[in-house]
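Q: The chain contents come next:
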Amino acid sequence: MIFKFTPPRIRHLAVIGVALSMLFYSCERDEAQKPNIEMLSQQAAMDLFFKDYNKKEDELRDKVVERLLAVNDSTGIIYDLTSKYGQPKWFAKQSRTTKSDSYLVVPICVPKADSVSAVFVFLEQDSTLRLKIFEASNPDTIISDLALFYQCYLFPNKEYTTRKAIPIQNYTKDYTETKCWYIFSSIDRINWNFNGVSCTEKIVYEPTLDFGLGDLSGSGDTGGDSGGGNTGGTTGATSPNTTSLSSDAKNILNNAKNKLEQGPCISQTVMGSTWNNGLYITINGSITEIARYNTMTGKLEFRDEGSITNNVLLHELLHAYQAGLYGKGYLHTRTHEFEAWLLVDLYLISQKKDMNNLTWTNDIDNDKLKLDYYNWVKSILENGFTTGLNGNSSMCTFWRNAFIETVPKYKDLPSGTNTFPNTINNIFSKCKN
Amino acid sequence: MKQFNTKMLLLIFSILINYYSNAQDWNWVDYKVTGSKSSYNCSKHKTRNEAIYVNQKYNKTEILKEYPGYSNVDPSFLGYKTDLHNSFLEVIKKSINTEKLKSLADRNEGFYVGFDLNQDGKLLRIIFVLDTATIITSDELYSLEENIKNILVFKPIRKVEVKLMDGFGITTNFKEILNGEILSIRRTEEQQRETERLYGN
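Heads up: the protein sequence lines correspond to chains R and L, in order. For the first sequence, the numbering used here begins at 4 and goes up steadily by one. For the second sequence, the numbering used here begins at 609 and goes up steadily by one.
I should point out that these hints are in silico values taken from the structure, not numbers from a laboratory. If you're wondering where the values come from, they're calculated on a predicted model, not measured in any experiment. Some hints could be false.
[Claimed, not checked] A partial selection of chain R residues facing chain L, derived with a Cβ cut-off under 7 Å:
hint: 1; residue: N258
hint: 2; residue: I293
hint: 3; residue: G309
hint: 4; residue: S310
hint: 5; residue: V315
hint: 6; residue: K355
hint: 7; residue: D357
hint: 8; residue: N359
hint: 9; residue: N360
hint: 10; residue: T362
hint: 11; residue: W363
hint: 12; residue: N365
hint: 13; residue: D366
hint: 14; residue: D368
hint: 15; residue: D370
hint: 16; residue: K371
[As the list claims (entries may be wrong)] Now the in silico label distances, taken between C-beta atoms and shown as ranges:
hint: 17; chain 1: R; residue 1: K412; chain 2: L; residue 2: L731; range: 24 to 30 Å
hint: 18; chain 1: L; residue 1: R801; chain 2: R; residue 2: S44; range: 51 to 57 Å
hint: 19; chain 1: L; residue 1: K710; chain 2: R; residue 2: N287; range: 54 to 60 Å
Ideal Cβ placement from N, Cα and C applies to all residues, glycine included.
One chain only, chain R, in its complex shape (with noise of 0.2 Å):
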């Protein structure tokens, strides 16, 4: 799994343009103050991310929203924006559109202070939404500075101490003009240095994150029963690009794809909705992992041929399912990393294979622990998911936190809130019968 790098792009600078020329105040930043959000409940958490929210006011927000509902059923991600960042400002007219892309600027406001957190920035290209997150702490002053331009937007009776910007206002309406701005700081309120001037132009368009969130003109699944064997986004059975590939590798691969067609309903499931989806199947010796699987363009990239087998290609078809089931380039969560592995050892479990031959957990000094995850896989297996006082439901949130504590590898990816297997859960409602 990996997020999806966009390369700097100048209408893409421009964004930032556009959100500096409405701000004609001097203002300064302090220390970055994080949100001290004392254990929001999900719904405490909704209504604060949406308060200054009012619907028909602007179209691209209203999308925008429409979106960030549909993936928080699956992901959580309002609950995590919120707890870490604080208050959006849908304030009106934050939209613009261009030729070809249309983007959303919104600060993110720490609760009961006078402070940007962050500000994000909705970005539609190609139909498909990305939020791109620039951290008023990004040690990068050029990025940070974004946050602070809000923060005197919306504060500007705030004091200042140790820097401040002045937007040189000789800009023109067209947003595609560069921006420039005089930056000051001072370590004693009264004098203040000239620091330079920076300009759209110079700032590298690096957000401090930078997520996928689905195909806005998309149906916008987010992990029901969708029916069928499509799981939505890409439309049309087009079998998999696998030119690049050598005879050697499209043997091998063939060998995998068939072991997972002949196996149990829920690897059939998977190479059904995923298949003939728009895969391109390469081979790239570059990339570190064993293989990965891009949610945006649909490319699976092996790292040689002998990275190929019916495991690794179930583990990464199974990101293409959840991308069918929330969208292209879905905000990528530790649950559904969790998915993916929890999905193989489902798979291995369904072939007779015992407690010593899954994945993840032979990485568990811990053999109770081992035993145990796979009776609940087991029983996952056999009886689906249950709920109650001993249904295997319960411990969804143990395991997928033991899988991450022992594949620290993952820990970087957002917590999300679900925790909840929907996308195996999915799966299991094609297999009923």
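Starting from the known structure of chain R, fit chain L onto it as the hints suggest.
A: Below, chain L alone, put in the same frame as chain R:
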């Protein structure tokens, strides 16, 4: 008052989290079984008919330091190829006498033995999962271990250059053992042959 309530909530929350994270362990009872030749760490599950026995000489933490689990190192590792159906039966017969085997079969006792192996098939550690009320003694477990080390052979289906640990296991029961036909080994070895045919060197 409001601050107090918040602190109390946090305290309760942390207690609940702690309880929840330890809940798994609470389902097990740990103790030590000492025989004439070796000692075993034993964990019995409170509700499932499962008791784990591991020779206390093993240190899995140290093993994992040298041989991390395959899924973190090379998820495409294909496991091992074996030909151990008959040799496994030989191990059992050398370790447990026939009368005892009949008793175990009459009691319908299950038997699982798991092996932690390195990338070359070298045996790193053995784990047994038996019935909670098993009549197998620790000396018999020790004998099983010794015979396993001397008789069973594991080879990787595809050699890899990196150090890693994968596992292999045999799930059976003493009725099968007494009858001389272990279904799970037959099935596993058939799968190994197919894996080697599809992906092996």
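Q: Each hint: holds or not?
A: Tested hints:
| no. | hint | result |
| --- | --- | --- |
| 1 | N258 | 4 Å, holds |
| 2 | I293 | 5 Å, holds |
| 3 | G309 | 6 Å, holds |
| 4 | S310 | 5 Å, holds |
| 5 | V315 | 5 Å, holds |
| 6 | K355 | 6 Å, holds |
| 7 | D357 | 4 Å, holds |
| 8 | N359 | 3 Å, holds |
| 9 | N360 | 6 Å, holds |
| 10 | T362 | 4 Å, holds |
| 11 | W363 | 5 Å, holds |
| 12 | N365 | 3 Å, holds |
| 13 | D366 | 4 Å, holds |
| 14 | D368 | 5 Å, holds |
| 15 | D370 | 5 Å, holds |
| 16 | K371 | 5 Å, holds |
| 17 | R/K412 / L/L731: 24 to 30 Å | 28 Å, holds |
| 18 | L/R801 / R/S44: 51 to 57 Å | 55 Å, holds |
| 19 | L/K710 / R/N287: 54 to 60 Å | 59 Å, holds |
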